[in-house]
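Chemist: Each chain, letter by letter, is given below.
Number of protein chains: 2
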Amino acid sequence: MKRLRVRQALGSETPVESIVVKGWVRTKRENKGFAFIELNDGSCLSNLQVIVDEGIAGWEDIARVTTGASISVEGNLVESPGAGQKWEVHGTSLTLLGDADPETFPLQKKRHSDEFLRSIAHLRPRTNKFGAIFRIRSEAAYAVHKFFRDNGFAYVHSPIITGSDCEGAGEMFRVTTLDPASPEACNPENDFFGKSAALTVSGQLAAEIFATSLGDVYTFGPTFRAENSNTPRHAAEFWMIEPEMAFADLTDDMNLGEAFLKSVVGHLRTHCAEDLALFAQWVDKELDATLDTILNEDFARVSYTEAVDILLANSKTKKGKDRFEYPVSWGIDLQTEHERFLTEEHFKRPVIVYDYPKDIKAFYMRLNEDGKTVAAMDILVPRVGEIIGGSQREERIDVLNSRIAELGLNPDDYWWYMDLRRFGSVPHAGFGMGFERLLMMVTGVTNIRDVIPCPRTPKHLEF
Amino acid sequence: MKRLRVRQALGSETPVESIVVKGWVRTKRENKGFAFIELNDGSCLSNLQVIVDEGIAGWEDIARVTTGASISVEGNLVESPGAGQKWEVHGTSLTLLGDADPETFPLQKKRHSDEFLRSIAHLRPRTNKFGAIFRIRSEAAYAVHKFFRDNGFAYVHSPIITGSDCEGAGEMFRVTTLDPASPEACNPENDFFGKSAALTVSGQLAAEIFATSLGDVYTFGPTFRAENSNTPRHAAEFWMIEPEMAFADLTDDMNLGEAFLKSVVGHLRTHCAEDLALFAQWVDKELDATLDTILNEDFARVSYTEAVDILLANSKTKKGKDRFEYPVSWGIDLQTEHERFLTEEHFKRPVIVYDYPKDIKAFYMRLNEDGKTVAAMDILVPRVGEIIGGSQREERIDVLNSRIAELGLNPDDYWWYMDLRRFGSVPHAGFGMGFERLLMMVTGVTNIRDVIPCPRTPKHLEF
Chain E
1 MKRLRVRQAL GSETPVESIV VKGWVRTKRE NKGFAFIELN DGSCLSNLQV IVDEGIAGWE
61 DIARVTTGAS ISVEGNLVES PGAGQKWEVH GTSLTLLGDA DPETFPLQKK RHSDEFLRSI
121 AHLRPRTNKF GAIFRIRSEA AYAVHKFFRD NGFAYVHSPI ITGSDCEGAG EMFRVTTLDP
181 ASPEACNPEN DFFGKSAALT VSGQLAAEIF ATSLGDVYTF GPTFRAENSN TPRHAAEFWM
241 IEPEMAFADL TDDMNLGEAF LKSVVGHLRT HCAEDLALFA QWVDKELDAT LDTILNEDFA
301 RVSYTEAVDI LLANSKTKKG KDRFEYPVSW GIDLQTEHER FLTEEHFKRP VIVYDYPKDI
361 KAFYMRLNED GKTVAAMDIL VPRVGEIIGG SQREERIDVL NSRIAELGLN PDDYWWYMDL
421 RRFGSVPHAG FGMGFERLLM MVTGVTNIRD VIPCPRTPKH LEF
Chain H
1 MKRLRVRQAL GSETPVESIV VKGWVRTKRE NKGFAFIELN DGSCLSNLQV IVDEGIAGWE
61 DIARVTTGAS ISVEGNLVES PGAGQKWEVH GTSLTLLGDA DPETFPLQKK RHSDEFLRSI
121 AHLRPRTNKF GAIFRIRSEA AYAVHKFFRD NGFAYVHSPI ITGSDCEGAG EMFRVTTLDP
181 ASPEACNPEN DFFGKSAALT VSGQLAAEIF ATSLGDVYTF GPTFRAENSN TPRHAAEFWM
241 IEPEMAFADL TDDMNLGEAF LKSVVGHLRT HCAEDLALFA QWVDKELDAT LDTILNEDFA
301 RVSYTEAVDI LLANSKTKKG KDRFEYPVSW GIDLQTEHER FLTEEHFKRP VIVYDYPKDI
361 KAFYMRLNED GKTVAAMDIL VPRVGEIIGG SQREERIDVL NSRIAELGLN PDDYWWYMDL
421 RRFGSVPHAG FGMGFERLLM MVTGVTNIRD VIPCPRTPKH LEF
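Read top to bottom, the protein sequences are chains E and H.
The numbering of the first sequence is full-length UniProt numbering, which starts it at 1 and goes up by one.
The numbering of the second sequence is full-length UniProt numbering, which starts it at 1 and goes up by one.
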């Protein structure tokens, strides 16, 4: 007897006799002589309605068919006379697979807070919202891989354990096999790798190895920040996507970022319509409008200098009050309030800001002719702010050496990175995007903990 | 002017005027009045032949167009009169992008040992062999994602940092933000997560969360072993694929493993033919035969007990000598020599061995009726040995509790794992496959360090 997933059953073109459906009970309504069961198996948001009549095999267990219980039902898929669904299953036999004691099963049919659900992260994907989130997460990951492969990029697994802190972004977790109680623990030479080891904060430097050999490449893997900050936008462990293109400049980079975002949003609109609708209805009423803008509008492009001028010209509201908490002047790092003003108020669409002051950007970004800005770019989207940050990389070995010296970095840490410029150096460019930021953008979910299967934050390491 | 990747140029259907090609010089032969350049840009194994005549723009740099240098050439794609290639480029102008000093560039045109190339892992993808390996790695990752998505599996990012060592496999790396020199370092309560943290050795337990909510799922991410063993088959960091199916038993699991391997091998045969041919020619003469067997033969299936009987019946060679170094008896863990005998000598095709003694398998594997074996299975392939290990999981909470007690594990560590059995428990099954094992299988490469972009092994943490 053929098992149909709920998604297959609901998408059927014809009635089907003699099928099996399996899943978890969302609700059951018992009437005299029969019962309605709403069955979900995680294959889609919708439940499948199952009707079982008193007296069929397994009916004796009907009292135990409660919310959260797992069952298997044999029967026929028939047109549903009721409103709201095209198909339903008429059961010919019912098997209870696993109970869910109504006294202790935490997911009774009522609305639970996101915070409560985080405390039962092992059960929350059984809810509509989190089931939808993690189906979207899966499909978004596929959309990322498909976009890059279709465009000729090779996927590179950049290393997770790294030997230096020269990646230049944030605090790092240390990785060790030494017993902290032992005196050897203080000497990294005794450690597994014979030197200090840490979890990566970015795969970019390794991606440059492969861009300068395979051509266009991307990484998509976990990255880590040991920042002790408990905000809705920070997690200690998250996934990053970092494309890197050889023979490419900053314009190529901006074009790639724009095409990439449009492609992923378009893919999800096509393949996750039902799940996305849940968020547009319950989580963020402006979600559809935001996604429309990303999909349909050309992204505005302004230099950092122009962006600062726009912000200065708008530093007062119409009523003469200060618009921004953080004052604006050339040279500052743009704050979220500035970024959101640009994309939401001024341009009302995604904006790419490029050519940032070198002093607020990383050493590897390509110095512009003016000597004071670098070929960096950030993509800002409404309601999210910065979603992508990238740059053309400094490919001139002498300029890169000067920058390393200027910033007081240790050139020895970069011997192999310099070799990429020493031998057959090429212009190249890339960007980084936090995968969870993308998921927050497409769902309207505002807490990063709610788009990660098992989130890791300060003092939280369960599941 | 349109840039063509080398792969696009070589696959062209027609001549194309006014194109640009960019890449790295593999070789140059200078003749009187012109030069042949073999150009590679990493998009494929083959080089593109470029002919430049004396006197074109940029000719003055021809002496610097040496092996490893990067160049850009404008010109026309025309039919090649020479043997060995259909197309070549007649350059109209040449731009040297980056030198590669012949005195110092390590990749001169000659054969280098794998060991030497590991010491320059940042340059080795510029060689034919490693370029091919990492293109195959990329395409194999895509084949994995495509197989699972086409079969309705959702992709889950299981956590990398884990709070317990209850995953049950091997030694773990500790993750910490404490200064080892500080007295607090000895108390995990002071640490970032408020408890001991480690790098995951398996995503399975988390995958079970999602199998018992979304249905069929898989993980594909990095995993870690802190084993101080310097063998060609072990790395401290490698990528694992772990599917997990709800409402599935051991037969479903074996079927999935067999279908999965055939699918990935078939995909690579189609999409990486040129790169695979390099390995069949230079690395492993029997590669094609091995892959044929995986693709075309039904995998043999024998119980562990049958396998032991076969081994016992063959414990002597025809000449009466001991065939195996490790003696065989019911209850032993099969050694590589036993596995290879079964798949290479006895069955001459892939073999699935199932129903192993419970004492040599993990606590979460489902106890069989006989009370002494568990519903585990390993897939063995010729020349590689074990490539997949999986099991049906124990879904009966009382049996699982007994197993945990029997093995002296701490039940508190498993509270959420038990909840998956407490509420709507379902039969489920899955397996794990080391991605690098798969790559070694399809390329014939015998050292795991050579299929990982930046390999991590004891005392080795460069790049």
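Among the hints, a few may not be true.
Chain copies aren't distinguished; within one or between two, either way the pair holds.
[Stated by the list, open to error] Heads up, simulated PhoX-like pairs for lysine-lysine below, C-alpha to C-alpha not over 25 Å straight-line:
#: 1; residue 1: Lys146; residue 2: Lys262
#: 2; residue 1: Lys110; residue 2: Lys285
#: 3; residue 1: Lys318; residue 2: Lys28
#: 4; residue 1: Lys146; residue 2: Lys2
#: 5; residue 1: Lys146; residue 2: Lys348
#: 6; residue 1: Lys459; residue 2: Lys195
#: 7; residue 1: Lys2; residue 2: Lys285
No lab work stands behind these hints, which were simulated from the structure alone.
Chemist: Now, for every hint given, state plainly whether the structure supports it.
Modeler: So, going through the hints one by one against the coordinates:
Both within a single protomer and between protomers do Lys146 and Lys262 lie at most 25 Å apart by alpha-carbon distance, with minima of 13 Å and 21 Å respectively. In this assembly of identical chains, the alpha carbons of Lys110 and Lys285 lie at most 25 Å apart only when taken from the same copy (22 Å versus 63 Å across copies). With identical chains, the CA atoms of Lys318 and Lys28 are never at most 25 Å apart, being 57 Å at best within one copy and 67 Å at best between copies. Taking CA atoms no more than 25 Å apart as the test, Lys146 paired with Lys2 passes between copies only; the shortest distance there is 24 Å, against 31 Å inside one copy.
With identical chains, the CA atoms of Lys146 and Lys348 are never at most 25 Å apart, being 29 Å at best within one copy and 37 Å at best between copies. Taking the shortest alpha-carbon separations for Lys459 and Lys195, only the inter-copy value of 8 Å comes in at or below 25 Å, while the best intra-copy value is 27 Å. Within a single copy, Lys2 and Lys285 get their C-alpha atoms no closer than 40 Å, and across copies no closer than 43 Å, so neither meets the 25 Å cut-off.
Checked against the numbered hints above, the structure violates hints 3, 5, 7; every other hint is satisfied.
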